[in-house]
Amino acid sequence: MGLMKSHFGSHIGLSWKINNEGADIVSSDFPALTMASGPYNYSYIFKYIIIGDMGVGKSCLLHQFTEKKFMADCPHTIGVEFGTRIIEVSGQKIKLQIWDTAGQERFRAVTRSYYRGAAGALMVYDITRRSTYNHLSSWLTDARNLTNPNTVIFLIGNKCDLEAQRDVTYEEAKQFADENGLMFLECSAKTGENVEEAFLDTARKIYQNIQDGSLDLNAAESGVQHKPSTPRSALSTDQTQNKEGCSC
Amino acid sequence: MEVVYPGHVKLTDKEKTNICYLSFPDSNSGCMGDTQFHFRIRRCPGRRSVVQAHTDYNKDCPAALQSVVLLSKLPFVTLYNYIVSVIAPEYFDNGEPCLEAACHDIDQWPDPCPGETLNLPIMGTVVQVRLPSRSDKVLTSPQIKNPSVPTMPANNILPSVSEVDVYSAFLPVLPHIQMLWELVLIGEPLVVMANSPTICSGTVQALVSTIWPFKYCMDFRPYFTIHDSEFREYTTKTQAPPAVILGVTNPFFAKTLQHWPHVLRIGELAVSSPKTINKLKKVGTIKTLDSKPGYPDKEASGGSECNALKRYLLELTQSFMIPLERYVASLMPLQRNISPHKGPPRLKSFDTEAFLKTIEHSGPQLTSGLKGDWIALYRRFFRSGNFEGWLRFRQEEVNQKLQALHLEVLCQADLLTWIQDKQEVEIVDLILRLREKLAKINENQLPVSNDMLSRLQHHHDMIVCSLPEDLQSVLKSNHGN
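Protein chains in written order, with UniProt numbering: chain A, 1 to 248; chain B, 1 to 481.
Please note that the accuracy of each hint is not assured.
With the C-beta cut set under 7 Å, the calculated list includes, among others, these residues of chain A facing chain B [to be verified]:
(1) I45
(2) V80
(3) G91
(4) K93
(5) Q97
(6) R112
(7) S113
(8) G117
The hints are simulated quantities; they were obtained by calculation from the structure and are not laboratory data.
Computed from a predicted model, the values in this text were never measured in an experiment.
Yeah, the Cβ is synthetic: ideal placement off N, Cα and C, and Gly gets one too.
Produce the complete structure using the sequences and hints provided.
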């Protein structure tokens, strides 16, 4: 399970205030003027994967979540695309590392590494195309077989803005989700409806699993490598550097 | 509007209306013969910047009042005024073909690049100008020195593209120069009333230049008329006057803007008898510094009076600026806090109160002989757009520098050893961060050498190669597709 206490997590306890990691690119945090010297300001990295048939809107969901924009005419994903965003759950900064996988059948054979170490899986179908819903069981089988039992799987019925063309009822999908122990929401990557909720609810569930111990960061075979959590002061990073023989 | 060159340029109706009104006298008073001036307009939404226009109109025959207007986004006032003075007489004599010829010449101009000397062909002559650069020494006469430029016979060498003759502009109001400097610095609403667009546009341009090397960050309109689309917005009495500088000629403004705190009147015969005609109306006590009488100090000036005035203004601005710069320097993070495994450090936030403490012992009173309430002046400055603009620029500059330093450290770090005991997800995180840096360098957002770029790329590739094969192929398929 690729969820981990980030190497730098222990810094966060000291009160660094940073808006988000991307701020140094856009410098848009003026005039808040709350800049501070920045360690990576996240204590966990969660790996997410987004799976589902071609054309259900996986890349658009990712784009809506990371850029808060709808991407019309999105090209087919080849292999994998990455998106990142730092979110906050219970006061903890968490960096989501989201793997947007290709939905095309020909890529399915090479996707083992996509699943490896995923803390969350967003499984997407298109509410206007029943075939994408019918394939869910096969996607779910892959997800179950190739991830850890604790991986949080979230079912997303996308394109809920196209109510007139609906081909799968909410109730039917809800029942499928309940039967399989999945979280579920209908979303629209176009309008943004419920998109934040899906990504954030998944993170909350993962974080809750860490808190209540059901997700054991120390379990070696789960793929989770627990990072030594000795508190580090700013000085200890210098030691780290020296240890690494970094001759700067 | 008779003709627009080049033909593909699209102006909105609002822009056209503004340009038309601004290209002609705003009142019946005063203008005789050819008149040359410049103005600025707001571009319509979606086309955000402000456009400078330079106009030359020919008023020999009032029934056939004609204007030649040059529009540009660049603030090269002096250059464009010169160009218009070359094009306009030709146009008035020979009509449209000379505009086509002029546009053809301008098409050949190289892209502007700071610090470069350009030879610009226009209507059979060549104008040589040097574009200013931030590394220019303050107040040296511009040096044309760039032997790599193919030598063309330059008929005209302009000493500067944008510097205005502050001395002539301020001659009528020299006794008030320090107060004007304060008003511009703290972004007070200010209106210049003059008899001609030439005078008001020149004065407004001179005003915004007084605080150089600060950039005046609010709107200013060297020539503003009652027909301007922002007329209502800027003259409203329901809100406090906006922080803008306006140049006007229409006497109507005397009434419309009577609620404005600062009005600068410049009479036509001002040069000969300044005291009687020019006055600066001020409401309240804005002025915070005591002024020494008799500026500029002519004895101190080595060169012309204009240079003396420029030096005086520059010294004033620098006295004000140096403590700010010194304080910003103290906000820099320490070199040892730059780690390859942390984000780039950033400039600490600007704390105005902490800054004001520093000037008690090392304020501008040390470098400027002026006594007065400098702290009050700083406080007003902090509320102005000039401070905001200056600080944002400095932050961007410093943070970019810090990112470059951080990159250097990252390049030198032994990342391959570091990743040995790291999990896949964290290594992928490192790879994504490296890619983000590489992308930024490639978009020229970070000033780093090619050597550093290739080292960073090498780091990236080595890390990818150290990963399991299936992940490698995933990452490779993702990169560069």
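Evaluated hints:
1. Annotation: I45 (chain A) was flagged as interfacial toward chain B, and the flag holds, the nearest CB pair being 5 Å apart, inside 7 Å.
2. Taken as an interface hint, V80 (chain A) checks out: its beta carbon lies about 5 Å from the nearest beta carbon of chain B, inside 7 Å.
3. Here the hint on G91 (chain A) is broken, as its CB sits about 20 Å from the closest CB of chain B, past 7 Å.
4. This hint is violated: K93 (chain A) has a C-beta 12 Å from the nearest C-beta of chain B, more than the 7 Å allowed.
5. This hint holds: Q97 (chain A) has a C-beta 6 Å from the nearest C-beta of chain B, less than the 7 Å allowed.
6. The interface hint given for R112 (chain A) holds, since its Cβ lies 6 Å from the closest Cβ of chain B, which is under the 7 Å cut-off.
7. For S113 (chain A), the shortest C-beta to C-beta distance to chain B is roughly 4 Å, which falls under 7 Å, so the interface hint holds.
8. Here the hint on G117 (chain A) is kept, as its CB sits about 5 Å from the closest CB of chain B, short of 7 Å.
Violated hints for the displayed structure, listed by number in ascending order: 3 and 4.
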